[in-house]
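Engineer: The chain contents come next:
2 protein chains.
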Amino acid sequence: MASVAAAPASDTSAPSLKASAKDCATNGMAEWDASFKAADTVIELAVGRKAKPDLTNLAFGTVFTDHMLTIEWTSDEGWQKPHICPFRNLSIHPACSALHYAVELFEGMKAYRGADGAVRLFRPMLNMKRMLKSAERASLPSFDGAELLECIRKLVELDQDWVPQSDSASLYIRPTFVGTEPSLGVKKPSRALLFVILSPVGSYFSTGAKPVSLWADPKYIRAWRGGTGDCKMGGNYGASIYAQSEAVELGCQQVLWLYGEDHQITEVGTMNLFLYWINEDGEEELATPPLDGIILPGITRQSILELTRKWGEFKVSERYLTMADLRRALKEDRVKEMFGSGTACVVSPVGRILYQGENLFIPCLGDHPPLASRLLKELTDIQYGQTPSDWTYLV
Amino acid sequence: MASVAAAPASDTSAPSLKASAKDCATNGMAEWDASFKAADTVIELAVGRKAKPDLTNLAFGTVFTDHMLTIEWTSDEGWQKPHICPFRNLSIHPACSALHYAVELFEGMKAYRGADGAVRLFRPMLNMKRMLKSAERASLPSFDGAELLECIRKLVELDQDWVPQSDSASLYIRPTFVGTEPSLGVKKPSRALLFVILSPVGSYFSTGAKPVSLWADPKYIRAWRGGTGDCKMGGNYGASIYAQSEAVELGCQQVLWLYGEDHQITEVGTMNLFLYWINEDGEEELATPPLDGIILPGITRQSILELTRKWGEFKVSERYLTMADLRRALKEDRVKEMFGSGTACVVSPVGRILYQGENLFIPCLGDHPPLASRLLKELTDIQYGQTPSDWTYLV
Chain B
1 MASVAAAPAS
11 DTSAPSLKAS
21 AKDCATNGMA
31 EWDASFKAAD
41 TVIELAVGRK
51 AKPDLTNLAF
61 GTVFTDHMLT
71 IEWTSDEGWQ
81 KPHICPFRNL
91 SIHPACSALH
101 YAVELFEGMK
111 AYRGADGAVR
121 LFRPMLNMKR
131 MLKSAERASL
141 PSFDGAELLE
151 CIRKLVELDQ
161 DWVPQSDSAS
171 LYIRPTFVGT
181 EPSLGVKKPS
191 RALLFVILSP
201 VGSYFSTGAK
211 PVSLWADPKY
221 IRAWRGGTGD
231 CKMGGNYGAS
241 IYAQSEAVEL
251 GCQQVLWLYG
261 EDHQITEVGT
271 MNLFLYWINE
281 DGEEELATPP
291 LDGIILPGIT
301 RQSILELTRK
311 WGEFKVSERY
321 LTMADLRRAL
331 KEDRVKEMFG
341 SGTACVVSPV
351 GRILYQGENL
361 FIPCLGDHPP
371 LASRLLKELT
381 DIQYGQTPSD
391 WTYLV
Chain L
1001 MASVAAAPAS
1011 DTSAPSLKAS
1021 AKDCATNGMA
1031 EWDASFKAAD
1041 TVIELAVGRK
1051 AKPDLTNLAF
1061 GTVFTDHMLT
1071 IEWTSDEGWQ
1081 KPHICPFRNL
1091 SIHPACSALH
1101 YAVELFEGMK
1111 AYRGADGAVR
1121 LFRPMLNMKR
1131 MLKSAERASL
1141 PSFDGAELLE
1151 CIRKLVELDQ
1161 DWVPQSDSAS
1171 LYIRPTFVGT
1181 EPSLGVKKPS
1191 RALLFVILSP
1201 VGSYFSTGAK
1211 PVSLWADPKY
1221 IRAWRGGTGD
1231 CKMGGNYGAS
1241 IYAQSEAVEL
1251 GCQQVLWLYG
1261 EDHQITEVGT
1271 MNLFLYWINE
1281 DGEEELATPP
1291 LDGIILPGIT
1301 RQSILELTRK
1311 WGEFKVSERY
1321 LTMADLRRAL
1331 KEDRVKEMFG
1341 SGTACVVSPV
1351 GRILYQGENL
1361 FIPCLGDHPP
1371 LASRLLKELT
1381 DIQYGQTPSD
1391 WTYLV
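For the protein sequence lines, the chains are B and L, in the order given.
All residue numbers for the first sequence refer to this note's numbering, where the first residue is 1 and numbers rise by one.
All residue numbers for the second sequence refer to this note's numbering, where the first residue is 1001 and numbers rise by one.
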């Protein structure tokens, strides 16, 4: 059992829960009265228990636990009771609006087992707030984020044997929310399904914590202003796989997404991006692109900004960065490190960027760049309970 | 029974079937040897038959016929045999890549019953070619479009009683292709499902053939260069519903999608757009935006271009149009008509555009603008078999 950790004052990038109440009104529901309640959860236990997998060399997100959470919504009846049931296939109408029009969104969270045996989540209310923002953009109904978090806590508690006894593995939590409108008009769905599945995971990349190589080309654009790049909606991801395949064909692991005529640096694959350098004005700076509508507001991104601002050791900026800035800084030996951040990978150093036929090599100091390594340790120490923090939420 | 109508020489906007063979190679399959074959189709008949609905006031795509087509693919075993089975829910793994990452695409076609009782499709190989192009962009496997068309023909033949006896109704055909990868890595799916469902439909808009009102605002952007706007992928549609709701709140029926600093006119809701006017040079012109990567290559769009070019009565252009162009032309009384085109609506006149707080009224001559009406008649006469044409394909 646990209560929701109070969000620090700096948690302002996600919309407030109050703001999201607007959609409830739009959907003709009273505010939080209309949400499902965790206390109503109906639990149907699995008859047997599956064997736990060996996490060494296990591909990300391929094995699932014994149970899942499902919550149905209809425009006529509102939210139904949450159900925890055995992990099983979903029965989906062939005209389902998630399959035809990508009325869908997801979140990514992890449950970590500490050396003390306790299971913790990391800043989960930020995921709930971002999920509500995505739901509004996807024209899906709103709900009380604290109630969903409590449902997720119950689910993880039930399947807690699946949280690995390891400080390099965790239980990945995938809340998913899809429109299940059973008709072909392109419109706000009258039915929806929120479900949560759990998957024990090791490292996201098959290369482990080694620096990743990136392909940067303006041919494919991940997101644009007026689109959905700042929400965790399915359409952002499916559209990226084609470019990702081209990156692999060119000998790179991930895509570095560029934007605009000036080839702004935006994100990496499915991660936010940080550049640690001596900037144009000679200042030591950790920089990441600002949340201007095309950047996913990552929770690891936000945590890195907050941690490093608290350190006060160098300038920390949300600012635009272009490939020309990077290339010039590399020529002038001003780049210290570059790394991606995300729930799946935590912190992942960048070693090489293929851009306009040229390989740009980023300093990595024997695969362990100091700032990325320090941030990885500070974050995982909080996540695994080595460092007490109000960012953790006990299951 | 019927053979595929030879594609006219002007059918060049869709990629050739040969070009799509590239992905077969990418997926490690031999060219067309790897496609499913219509001759292998296994048919499981429905036990009963559902009652046919009254099409008056029936919402678009809400009722489905007795049977559906499903074809499964795995990277290990390639395409399985096509199955025609009773219309029923799909059993979908909760980690399915279509539900999480919108690895999905669709097509829209119609079967029309002529006064002669025969059932016809309209230029269906163009749908097959566009579907193959979408599949490549979505990282889904390729197949032989002629084989899928023959499977669809079999399905429509089986459910032919559902093709309405009416020249204002038809049987809407929805081929859908989704990734069914049962794991959470963002990657090319190792499993996929192609399915086709059929729905008897009347008019797409609840207002029937009356002119539609549009909301034009650069706040939301449908598609951008380097994205997926020229493919019929689900993500393009789910992202549009939010803007559509805002249009309705502002008293308009659809969104007029703008692009760029100069507010280029691109598409309307889920339709391509045409402007019939006296252009800046005093020429009578039918204009529609060019296929530059952000425009869906509509089959009705292509057919209207081909028909009007054959008439030779006025200039027919694929060119950029901005809101400033339109506003000036309206002030100078140079706009004759504006209309949307698409499979669902065929031709749909535009009556009003709300732009920057101002209502722009488009001439509609008592709801029946002459060019839109003439095109609607020419197209439906072909579709319903009143005019013989190599654009029709007999079921």
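Since the hints were derived computationally from the structure, they do not count as laboratory data.
Treat the hints with caution; some may be incorrect.
[Unchecked claim] Facing chain L, according to a computed beta carbon distance under 8 Å, are these residues of chain B, among others:
1. A95
2. G235
3. K310
[To be verified] Heads up, simulated EDC-like pairs for lysine to aspartate or glutamate below, C-alpha to C-alpha not over 20 Å straight-line:
4. L:K1187 / B:E249
5. L:K1219 / B:D292
6. B:K187 / L:D1217
7. B:K187 / L:E1249
8. B:K133 / L:E1246
9. B:K219 / L:D1292
10. B:K154 / B:E249
11. B:K37 / B:D76
12. B:K315 / B:E285
13. L:K1187 / B:D217
14. L:K1187 / B:E246
15. L:K1133 / B:E285
16. B:K187 / L:E1246
For each residue, glycine too, the CB sits at the ideal point set by N, CA and C.
Engineer: Please list, smallest to largest, the hint numbers that this structure does not respect.
Structural biologist: 3, 10, 15
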